[in-house]
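Trainee: What follows is each chain in one-letter form.
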Amino acid sequence: MVTLTHYIVLSTILFGLGAIGFAVRRNAIILFMSIELMLNAVNLSLVAFSRYRAELNGQVMVLFIYAVAAAEVAVGLALLISLFRHVREVDVTRINILKG
Amino acid sequence: MDLYFWIFAVMAVAAGLFTISSWEPLSSALGLLTVFIALSALYLHLHAPLVAIFQVTIYAGAILVLIVFVLMLLVSPGERMRAIQENASYRVMGGILGLSMLGLLAAGTKGVSDLICARSLPQGFGHPSGFGDMMFREYLLHFEVVSVLLLVALIGAIYLAKKNI
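Listed in order, the protein sequences are those of chains V and D. First residue of the first sequence? That's 502 in the working numbering, and the numbers climb one at a time after it. First residue of the second sequence? That's -6 in the working numbering, and the numbers climb one at a time after it.
One or more hints might be untrue.
A few chain D residues that don't get close to chain V, going by computed Cβ distances all over 10 Å [unchecked claim]:
{"id": "1", "residue": "89"}
{"id": "2", "residue": "94"}
{"id": "3", "residue": "95"}
{"id": "4", "residue": "96"}
Estimated spans, in silico, between C-beta atoms of each pair [stated by the list, open to error]:
{"id": "5", "chain 1": "D", "residue 1": "-4", "chain 2": "V", "residue 2": "595", "range": "40 to 48 Å"}
{"id": "6", "chain 1": "V", "residue 1": "504", "chain 2": "D", "residue 2": "148", "range": "28 to 36 Å"}
{"id": "7", "chain 1": "D", "residue 1": "142", "chain 2": "V", "residue 2": "592", "range": "25 to 33 Å"}
Some chain V residues judged to face chain D by a derived CB distance under 8 Å, without partners named [to be verified]:
{"id": "8", "residue": "509"}
{"id": "9", "residue": "515"}
{"id": "10", "residue": "582"}
These aren't lab readings, by the way, just hints derived from the structure by calculation. Just so you know, even glycine gets a beta-carbon here, dropped at the ideal spot from N, CA and C.
One chain only, chain V, in its complex shape (with noise of 0.2 Å):
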């Protein structure tokens, strides 16, 4: 029998590696793969939330954060775009162009 706690574990075993991607890795577009990884961690639980109380509300908020991460991923890519062209670099530890 699978219940809403076996869902609700595996959506903080993916949100954590997403966590752990984005602390560890130094590629910007990984960064950027590791936050929808986070996303789609959330978006499970809300689904298995929706699930579990017979409502539909969660599954409607799922819809809104696929709205926020196209957004979210739109602007982030263009932003890493610009900034190659000024750095030629994705190694976000050697982006330092801010530094005083």
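Use these hints to put chain D onto chain V, whose structure you have.
Mentor: Only chain D this time, still in chain V's reference frame:
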């Protein structure tokens, strides 16, 4: 149907690990795609077919393609591509991805019975009609705000990606 959950849960976690640990960003993207597909199968399990479809079309279809597109633009693999393709882990990941797609397809056509039940589901739970009804009645303001957000993101992305900034 416990097995269904465990297959896709293990697949999602393994692919997530692969995503954050792989050396090559392109293999990372493949791992992320596998996570998306596995989660989409789990959404079918949770009586959210519409969300499962959105997961495949928006995440796997649009966002990931955008990421791979920028990846190719910035760090073009070129010659390294051959080395990646001959890498065994890449092929294993591709095999897992194909299997998960197959599983998703089978589950989608057969229909998955419910598992976690606190209360009984209303008729047609998660179908587009109820979904749209809720979205355009209770969440109409949110919907409009999101449309403005998308417009702002669109303009911002075009401006930021311009040549002379």
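Trainee: Now tell me if each hint is right for this structure.
Mentor: Hint check results:
1. 89: At roughly 16 Å from the nearest Cβ of chain V, residue 89/D sits farther out than 10 Å, so the non-interface label holds.
2. 94: Non-interface label on residue 94/D holds, nearest chain V Cβ at 17 Å vs cutoff 10 Å.
3. 95: At roughly 21 Å from the nearest Cβ of chain V, residue 95/D sits farther out than 10 Å, so the non-interface label holds.
4. 96: Holds, because the least Cβ-Cβ distance between residue 96/D and chain V comes to about 16 Å, which exceeds 10 Å.
5. -4/D <-> 595/V: 40 to 48 Å: Since residue -4/D and residue 595/V have Cβ atoms about 46 Å apart, the given range 40 to 48 Å holds.
6. 504/V <-> 148/D: 28 to 36 Å: About 45 Å separates the Cβ atoms of residue 504/V and residue 148/D, which means 28 to 36 Å is violated.
7. 142/D <-> 592/V: 25 to 33 Å: Holds - the Cβ-Cβ distance for residue 142/D and residue 592/V, about 30 Å, lies within 25 to 33 Å.
8. 509: violated (10 Å)
9. 515: holds (5 Å)
10. 582: Holds, because the Cβ-Cβ distance from residue 582/V to chain D comes to roughly 5 Å (cut-off 8 Å).
Consistency note: the structure conflicts with the earlier hints numbered 6 and 8.
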